[in-house]
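Chain by chain, the residues:
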Amino acid sequence: MRPPIVAIVPSPAVLVRDLVVRYGSREAVAGLSFEAPTGRVTALVGPNGAGKSTTVEVCVGLRPAASGTVELLGIPAGTADAAGLHSRVGVMLQDGGLYPSARPLELVTYIASLYPHPDDPGRLLDALGVDPGTRTPIRRLSGGEQQRVKCAVALVGRPELVFLDEPTSGLDSGARRTFHDLVRGLVAEGASVVLTTHLMDDVERLADQVVVIADGRAIRSGTVADLVGEEESVSFRGPLHADLTALRAVLPDHGDVVEQPPGHYRVTGAADPMVLSAIAAWCAQNGVRTADLRVGRRSLEDVIVALVGDL
Amino acid sequence: MTTPAPASVRQRAIAHAGWETRLLLRNGEQLLLTIVIPVGILLGLTMTDVLVQQSGPDRIPRAIATVLAVSVISSAFTSLAIATGFERRSGALRFLGTTPLTRTELLVGKFCATAAVTALSSAVVCVVAVLIGWRPSASALWAVPVLILGTAAFAAWGMALAGLLRAEAVLAVANGLFLFLIMFGGVIIPAASLPGPMSVVADLLPSGALVTGLTDSLVDGQMPSGLAVIVLIVWLASGALVSSRTFRWS
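Residue numbers (the working numbering), protein chains in the order written: chain B, 1 to 311; chain A, 1 to 250.
Hints were generated in silico from the structure; no laboratory data involved.
A few of these clues could be false.
Covered by chain B, according to a simulated footprint, are these stretches of chain A (three or more residues, beta-carbon under 8 Å) [what the hints assert, rightly or not]: (1) 21-30; (2) 92-101.
If you want a taste of the chain B side facing chain A, the calculated C-beta under 10 Å gives, among others [to be verified]: (3) E57; (4) R63; (5) G84; (6) V91; (7) L93; (8) S113; (9) A154; (10) E301; (11) V303.
Ideal placement from N, C-alpha and C gives every residue a C-beta, glycine not left out.
The shape of chain B in the complex, shown without the other chains:
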């Protein structure tokens, strides 16, 4: 008799279960649960104060949790040998993290010396668009250049798992494209990436999975396609807080119109000519000028804003 075939399911790169973090009496993270699959990019998105950065800080050992479980690469965080787990995880922090008086290459070289199998610091800086030969101290670099150095120190240890907290803030479009290529390269080599960002363009271009966080909890998760959906809708911009009663009255069955955020209107239901006709008629009758009248799938930003309010 043949032995039964057992499917080996790889453990997720990050497993967070019922995580609670408190600042005094306030719960910054209130029972958050999510998984970041191995070899994929997982984006944590949500408004300021949602608990994204706090969650990353707990994952990388900078902040204790009040309760809950965190596992990185299959190892419970906080119980394993710190140096052992930290040598497999790279972190790009949202705030600070650099020695202001150091030069980029010497800092990245020093950080590389802490890891068992580091990348070449000069090559990495060069790939990120920072001149490895520069003698300018980090404090005199532009914000975008400092951001690239932060990215280099996060990646120089060739981590299996990388946390990138707001990695592209302050980067120009060229540097962001370079960063996107770098993340794709990491994933192609088998690394797992957890990305927190407010820039939905980064998420749409990079993320295999999105976890939407609000008030310290995960309220939705899925692929970008899952979240955006296939349904088309009509959106337009108009005056703030317009009276929508008349418009609702002329929309076809099951149609509705919502204003979110203020001045931005979205009509749910089928995006057929009847809806466009109803909107045009409502505008004409009420003297409303519209702008950016669009028919199509909602953007990820539209979806997230609808879920959590302003990003």
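We have chain B already, so just place chain A on it with the hints.
Then chain A, alone, in the frame of chain B:
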């Protein structure tokens, strides 16, 4: 460019010590504190009559003991506390907390870097002292363990202070304590010359014990007194305990 791949505990501690030493020696203010001011004080004390107690043949070794104590306190306590406080404020420590570098390796690295800078400062002071006429005896080598013990005790309390207070408060308190210890801790004014109970207190402070131990070695040519060594060990142990409890990456 190729990068070596050290990953052991010892190698990470050495790598961090090298990194800290490099940053310390590049800092202009630190060089002023480490080299220029101690040499200036040495010349001032030996070539003027600022302190009556430093007249006669003991003038230079007494001045060396004072200068080395000032150097240890400024490097191992004031500078270390301030630098660590500002590393925390800049987020540099926070980032290091996410790397394989452990808390113990960081503390060992910082101590080694401070000890290296203190050794450099002490060497420069001794060379200048020889140039102006000091002729040390073999018993002066007793000053070496006293300097190591004093550096460790002050470094432990420097790290403790950096863990207890935010950066701006560390700056103010570390400088205030530096001035207090120099003036009333048995350094500039010998403990024996301080009035009443202040004299006893100064003997029990790490600054007073450090000067006593250095004076025993450099001036009297004998082993450091037991009381001075015990006082320094107690300050070292208590500082290590407090700093290990209060240290935080962020």
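**Report entry** When the least beta-carbon distance from B/A154 to chain A is tested against 10 Å, hint result
**Finding:** For B/A154, the interface hint holds, since the closest Cβ of chain A sits about 8 Å away, which is under 10 Å.
Query raised in the report: Per the CB criterion, is B/G84 less than 10 Å away from chain A?
Result: Result: holds, 8 Å to nearest chain A Cβ.
**Report entry** Restraint outcome when B/V303 is required to lie within 10 Å of chain A by C-beta distance
**Finding:** B/V303 check fails; min Cβ-Cβ to chain A is 32 Å, beyond 10 Å.
**Report entry** Satisfaction of the B/E57 interface hint, Cβ to chain A closer than 10 Å
**Finding:** 8 Å, holds
Report task. Under 10 Å, Cβ to Cβ, is where B/L93 needs to be relative to chain A, so tell me if that hint holds or is violated. Result -> 6 Å, holds
Query raised in the report: Per the coverage rule (Cβ-Cβ under 8 Å, at least three residues), is the segment 92-101 of chain A covered by chain B?
Result: It holds: at least three residues are needed, and the segment 92-101 of chain A offers 8 whose Cβ sits within less than 8 Å of chain B.
Query raised in the report: Should the hint that B/V91 touches chain A count as held when the rule is a Cβ pair under 10 Å?
Result: 4 Å, holds
Report task. Tell me if chain B covers the segment 21-30 of chain A under the three-residue, 8 Å CB rule, please? Result -> holds (count 4)
Query raised in the report: Against chain A, with CB atoms and a cut of 10 Å, does the hint on B/S113 hold up?
Result: Since chain A brings a Cβ to about 4 Å from B/S113, closer than 10 Å, the hint holds.
Report task. Would you check whether B/R63 satisfies its interface hint, that is, whether its CB is within less than 10 Å of any CB in chain A? Result -> 8 Å, holds
Report task. For the hint on B/E301, just tell me whether its beta-carbon gets within less than 10 Å of chain A. Result -> Cβ of B/E301 sits 29 Å from chain A, so the hint is violated.
Consistency note: the structure conflicts with the earlier hints numbered 10, 11.
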